[in-house]
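Novice: Listed below are the residues making up each chain.
2 protein chains.
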Amino acid sequence: MQFSSDLLESAVNEFARLPGIGKKTALRLVLHLLKTDASMVQGFGETLIRMRQEIKFCQRCFNVADADICSICANSLRKQELICVVETIREVIAIESTQQYNGTYHVLGGIISPLDGVGPDQLNIEALVTRVQKEHTQELIFALNPTIQGDTTIYYIQKRLHGSGARFTTIARGIAFGGELEYADEMTLARSITNRLPVESYMAGR
Amino acid sequence: MQFSSDLLESAVNEFARLPGIGKKTALRLVLHLLKTDASMVQGFGETLIRMRQEIKFCQRCFNVADADICSICANSLRKQELICVVETIREVIAIESTQQYNGTYHVLGGIISPLDGVGPDQLNIEALVTRVQKEHTQELIFALNPTIQGDTTIYYIQKRLHGSGARFTTIARGIAFGGELEYADEMTLARSITNRLPVESYMAGR
Numbered sequence: 080m081q082f083s084s085d086l087l088e089s090a091v092n093e094f095a096r097l098p099g100i101g102k103k104t105a106l107r108l109v110l111h112l113l114k115t116d117a118s119m120v121q122g123f124g125e126t127l128i129r130m131r132q133e134i135k136f137c138q139r140c141f142n143v144a145d146a147d148i149c150s151i152c153a154n155s156l157r158k159q160e161l162i163c164v165v166e167t168i169r170e171v172i173a174i175e176s177t178q179q180y181n182g183t184y185h186v187l188g189g190i191i192s193p194l195d196g197v198g199p200d201q202l203n204i205e206a207l208v209t210r211v212q213k214e215h216t217q218e219l220i221f222a223l224n225p226t227i228q229g230d231t232t233i234y235y236i237q238k239r240l241h242g243s244g245a246r247f248t249t250i251a252r253g254i255a256f257g258g259e260l261e262y263a264d265e266m267t268l269a270r271s272i273t274n275r276l277p278v279e280s281y282m283a284g285r
Numbered sequence: 080m081q082f083s084s085d086l087l088e089s090a091v092n093e094f095a096r097l098p099g100i101g102k103k104t105a106l107r108l109v110l111h112l113l114k115t116d117a118s119m120v121q122g123f124g125e126t127l128i129r130m131r132q133e134i135k136f137c138q139r140c141f142n143v144a145d146a147d148i149c150s151i152c153a154n155s156l157r158k159q160e161l162i163c164v165v166e167t168i169r170e171v172i173a174i175e176s177t178q179q180y181n182g183t184y185h186v187l188g189g190i191i192s193p194l195d196g197v198g199p200d201q202l203n204i205e206a207l208v209t210r211v212q213k214e215h216t217q218e219l220i221f222a223l224n225p226t227i228q229g230d231t232t233i234y235y236i237q238k239r240l241h242g243s244g245a246r247f248t249t250i251a252r253g254i255a256f257g258g259e260l261e262y263a264d265e266m267t268l269a270r271s272i273t274n275r276l277p278v279e280s281y282m283a284g285r
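For the record, the sequence lines run as chains A and B. When the letters of the first sequence are read in order and numbered with my numbering, they come out as residues 80 to 285. When the letters of the second sequence are read in order and numbered with my numbering, they come out as residues 80 to 285.
These are computed hints drawn from the structure, not numbers from a lab. As the structure is a computational prediction, the values presented were derived from the model and not from experiment. Among the hints, erroneous ones may be present.
Given that identical chains are not distinguished, each listed pair holds provided it fits within a single copy or across any two copies.
Stated by the list, open to error - DSSO-like, lysine-lysine: derived pairs with alpha carbons at most 30 Å apart: (1) LYS114 / LYS102; (2) LYS102 / LYS238; (3) LYS103 / LYS238; (4) LYS158 / LYS102; (5) LYS135 / LYS103; (6) LYS114 / LYS135; (7) LYS114 / LYS103; (8) LYS103 / LYS158; (9) LYS158 / LYS213; (10) LYS213 / LYS135; (11) LYS213 / LYS103; (12) LYS102 / LYS213; (13) LYS158 / LYS238; (14) LYS213 / LYS238.
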């Protein structure tokens, strides 16, 4: 692309560095900002800079936070002895949006994947082990993606916490609400029969 | 979406205001910035703010510029008596990227569209009329989209410039290079036969 303005060109290049944003989309976004009020654009830029400089990670669960301890860990109304183990902040946001979970989290920062060079040491697993032992956690709910890497991570953590007295569970796998039975993959369908639920508990969740 | 950090939430909201960016994409972009070096994010924010505050529009052709006159108008090697009339800056960038055009531009800032409440007064048409008469422009090349609005705009400008001595042309319409004949729409195909070219001139352009 040829630009007649260096200012325009650098703004497009900055946007195009973001994942999933190509040069054409970047140009569209910049031309939109050009038509937007200057004070709004200033607010946009300053918000990003401030977010990056001031945001913290919770020292207990590694979730994003505005203080040393995140608002979920600091909330005494939540069950502190219940930990949901997730890969990234993204899953915390997804689960929080359901407004159904009342425990705490632990963000691993990834999953064990030897092929990608990610071992237990690169993740927040040691901190989880220490936390569970120190806080006498009652239950760990694994909410990891159902891949070999996810299963390996569950297996490793479970082994490290052997004898800690904590109970280990994973989120339920099965046919999604609204999902058509005939289009479900065989593995999911087979497991959903093996792990079938009493009708009362199914109805109670509706 | 539920966020455990206000800083994160405002950054996501700022991104989600951009056209074509939903909340999920905004979150993905913000989480990417969180992993990026703080000085890079600062550069990103400052570039946007500076672009919006310092960018100018060329007083002659209304293209974006870093000075009062854009680099195309200021370039004495380009044919100043040739004006390509376009709707937005986007088309200037597209045509410049071909590196085939050696004249100047005039950015209308839109096209005449009574249904959307856009009349000639909302566009940079008066400035174009003045410019053509003052500069004794030899040719106006209309590079507008082939819609009723585009045709209306061409018709209006041509009428306003009647007797100015300028020649009026439009960019060629036809089957795109690499386009399959059988998938072309009838109108384009019919016009491409009516406006057929001598083989020599076709070959010369390859």
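Novice: If a hint holds in the structure, say so; if it does not, say that too.
Specialist: A quick look at each hint next to the structure:
1. LYS114 / LYS102: both (19 Å within a copy, 22 Å between copies)
2. LYS102 / LYS238: Neither, since 48 Å and 38 Å both go past 30 Å.
3. LYS103 / LYS238: neither (49 Å within a copy, 35 Å between copies)
4. LYS158 / LYS102: Answer is between; shortest inter-copy Cα gap is 29 Å, intra-copy 47 Å.
5. LYS135 / LYS103: between (34 Å within a copy, 21 Å between copies)
6. LYS114 / LYS135: between (34 Å within a copy, 12 Å between copies)
7. LYS114 / LYS103: both (17 Å within a copy, 24 Å between copies)
8. LYS103 / LYS158: For LYS103 and LYS158, the Cα distance is within 30 Å only across copies (28 Å; inside one copy 48 Å).
9. LYS158 / LYS213: within (16 Å within a copy, 78 Å between copies)
10. LYS213 / LYS135: Intra 23 Å, inter 61 Å, cutoff 30 Å: intra-copy only.
11. LYS213 / LYS103: Neither: 52 Å inside a chain and 36 Å across chains, both beyond 30 Å.
12. LYS102 / LYS213: neither (50 Å within a copy, 37 Å between copies)
13. LYS158 / LYS238: within (24 Å within a copy, 76 Å between copies)
14. LYS213 / LYS238: within (17 Å within a copy, 84 Å between copies)
Consistency note: the structure conflicts with the earlier hints numbered 2, 3, 11, 12.
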